[in-house]
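So the sequences go chain by chain: A, B and C.
No gaps in the numbering here: position 32 of the first sequence is 32 in the numbering used here, and each next residue is one more.
No gaps in the numbering here: position 212 of the second sequence is 212 in the numbering used here, and each next residue is one more.
No gaps in the numbering here: position 170 of the third sequence is 170 in the numbering used here, and each next residue is one more.
These are calculated hints, taken from the structure and not from any lab test.
Computed from a predicted structure; not experimentally measured.
Do not take every clue at face value.
[What the hints assert, rightly or not] With the Cβ distance kept under 8 Å, some of the chain C side facing chain B (calculated, not the full set): (1) Arg60; (2) Leu101; (3) His107; (4) Leu112; (5) Pro113; (6) Leu115; (7) Leu169.
[Claimed, not checked] Here are a few chain C residues that sit away from chain B, every Cβ distance over 10 Å (derived from the structure): (8) Ala13; (9) His74; (10) Gln86; (11) Met94; (12) Asp98; (13) Ala105; (14) Glu110; (15) Leu139; (16) Val140; (17) Gly155; (18) Gly182; (19) Val183; (20) Leu198; (21) Val247.
Idealized CB from N, CA, C, for every residue including glycine.
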Amino acid sequence: MSDFLQLLANGLVEGSIYAIAALGVSLVYALLRLVNFAYGDMMAFGALIAYGCNGPLHQSMVVSALAGMAATAVLCLVLDVVLWKPLRARRAGFMSLFLASIALSLLLRQGLLLGAGPQPEAYHVNPYRVFVLGSVRLSEAQVIAIATAGATIVLVALFLARTTAGQTLRAMADDRTLAAIAGVDVTRATQLAWIVSGLLAGLAGVLAGLVEYSFDPNFGFELLLPVFAAVVLGGIGSAYGALAGGLALGVAEELSTWSGFAGGVNPTYKPVVAFAVLALALLVRPQGFFGRARVA
Amino acid sequence: MSTLFSGDFWAFVGVVAGIYTILALGLQIQFGFTGLLNFGQVAFMAIGAYTMAILVVKEGWSTWLAAPLGIAAAAVGGLVLGLPSVRLRSDYFAIVTIAFSEIIRYVATNEDALTGGSQGTIALGKVGTAAQYNTQWSSFQSRVQGWLGFSSSDATMLVIVWLVAVALLALTALAVRTPWGRVLKSIREDEDAAASLGKNVFSYKLQALAIGAALAGIAGLFYAWEFSFFSPDDFEPLLTFFAWMILLLGGLGRVWAVPIGAGVFGFIFAGTRFLDFAPFTWFGSDQRAYLRLIIIGLVILALVVFRPQGLLGRKQEMVLE
Amino acid sequence: MTALLELDAVAKAFGGVRAVDGVSFSVEARSITALIGPNGAGKSTLFNCVAGATRADAGRIIFRGRRIERRPPHRIARAGLARTFQTARTFRRMSVVDNVLLAAADHPGEHLPRLVLRPAAARARERALQARAAELLDLVGLSAHAQAYAGTLSGGQRKLLDLARVLMLEPALVLLDEPMAGVNPVLRGQLLEHVLALREQLGITFLIVEHDLDFVMRAADRVVVMNEGKLIAAGSPDAVRSDEAVVDAYLGTAHGAAVPA
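If we strip away everything but chain A, and leave its shape as in the complex, we get (with noise of 0.2 Å):
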């Protein structure tokens, strides 16, 4: 049963990490209808930018963190200017902004080796502190991770339902046209999402470089397909389904490794795990929990 515990609270971790990042996603597919492919390499960017101001220039996590979020907010900033507008002004079409956004993907990967090298790297923290909760074991990058996610959670939860820019998003993710029509300020409208889907990348970047301990520029890639099936789970382009599918993977992946299991599943097919819950999934409910039946 201790087990059973340990790996449930394992999971909590793992999947408020997908969690935030699925959030991320989603946003920016609720507004701009763009799958963004390259998300998790911006999670990369997001940790390599933290591990340079934690590690060379040995600032604390915090500010190291901060600093991570801050700089993939800006790149998805810059990132809409030169390449999202114009394609919006070609109206492009669905496909091109998933081939668009492979691209960025590949271009974002190759430069953060170029840039970083593509050896590990690790945040300075203390491995072996431990905190005990009855018989379950979390590291303190666990502790950090899910205490974060937490609330993060809660306050873009708070911003979305009771801040005006919040609302502004809601409305538009709803209905864009109506939104434009109603007064609502599309370009700051996105600049928003862009902002918040950016700081989101960094954030879950900057968690999963902590729980995993150490990280290369490929992790993000790595992290992209869970963070999609936690998005199609929950149904794209909704927060709550972001948020309950991320948990929901997180903690099956975990747990299908349980003995109880019928010995459980052998821990290097985790993702595989997640792809089959998915699959799963989808052929019960082919919009995924929250989402919508057809393609708006």
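Mind docking chains B and C on chain A? Use the hints.
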């Protein structure tokens, strides 16, 4: 710099272009003609190659039996992917195909006993031996080489691959002009309207997926024979991405645009090796590898933004999309 | 005589909204039935249920004596029930003639096994169909555009193309979804003539959703009226026109045309 003018080098580039032509042709059928957003094409390449290698090394089959079975396995792979997923909305379908290709790579990496694991095909045989699946093919290739009177094996492979590629291109060109091909295109245009005309959209999509997968399987076979060794990492998503790039370069929905796109792509890819001048000389060779891919990524972005119809496509068709 | 199409307590809800709330009526063969009602009455949803594009939550739909409420759209089409869409859904990047050819039913050339094993039969059928398509395009006046991309046609021309496709299908029953929408008066007259001629000469039955009440009065044998998901009246055009419930429905809402005197 001497390699720039080496016939052997360009023959090799030609072989790779030929392999990619077949891979991208499969994708053209799936997406260019039927509208299926398949981002996992490389998985079928892997299935074709591994099936053949495993049957030859572990079961002692003749290459000429193992190869068709590899193609069939790839087609079946297409069906396995398609059956649960082809009815999903396009963005979900795309994501599922990527997941599928990663799962295949995963299984290939972890199931050591079956595939040799991350060490690749060398580990397919008994422990301590270096397995070879290539022997029968190599002797065949040598015979062809002698018959052709060539001095280089790369040139021979070039001829073989392109003979097959051209045959497949011709077959495909024929197929898409049939009423069957017409139905595929109607599904690409508007699948609900196609259904309202009585077409079984699900079945046609599966057919397109399976046929495209079979072509990828053939590409996998040639890949395996050209390099005589492969490992799971050879079949990474980047290759699918290159296939997409080829489609973009040549133009969607046109069969003979594929070899042109592959040729241009091969040229860019190989050509970026020769960045032996400043500012590229500032970078070490490792870093130049990254730089090459960056250049490729930039080319694709430029294409998507400025010429989405490809080099041969008609602007009018893009506008109508 | 059993009706060609019979609806029995068909219902469909989206979220909490009951778009179709227990609708029952029947359509006799060789008749032209009009389905009218204010916007949001549930007419399109009902059409989608009959055509199989949406699955009804409850009720039965019987076509030619067989229940079709659970069949997929392509099987319903093959059974002889054709539909058009409000905005004519033509295959834009394909030629006009290809659009018509696609409507042909049971073409051996469209099935890979038959195409490969019996190419001669496929080719013969294709030739016959090409001739028929040319005839139909001539009939609707689109011959000059046969090779053009369907996407280059005007809205009205696309409706004619839709009609040509329907003819190629040779269905027993056609669901016409607002055929007059966005069509100029001259073309309206032409479409009306075509519909009447098709009923006369080929015995095709029509169920038409339409807002153009002039058309309805002139063409329909029978009118069925929906409001807020329910059937509120059914009968001859004259009877329905003076039905109180119908007048209320139209005048009581902000949308919809007023019933002409």
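A quick look at each hint next to the structure:
no. : hint   : result
1   : Arg60  : violated (21 Å)
2   : Leu101 : holds (7 Å)
3   : His107 : holds (5 Å)
4   : Leu112 : holds (6 Å)
5   : Pro113 : violated (10 Å)
6   : Leu115 : holds (5 Å)
7   : Leu169 : holds (7 Å)
8   : Ala13  : holds (22 Å)
9   : His74  : violated (5 Å)
10  : Gln86  : holds (12 Å)
11  : Met94  : violated (6 Å)
12  : Asp98  : violated (6 Å)
13  : Ala105 : violated (6 Å)
14  : Glu110 : violated (5 Å)
15  : Leu139 : holds (19 Å)
16  : Val140 : holds (17 Å)
17  : Gly155 : holds (15 Å)
18  : Gly182 : holds (18 Å)
19  : Val183 : holds (19 Å)
20  : Leu198 : holds (17 Å)
21  : Val247 : holds (35 Å)
Hint check: violations occur at hints 1, 5, 9, 11, 12, 13, 14; the rest are consistent with the structure.
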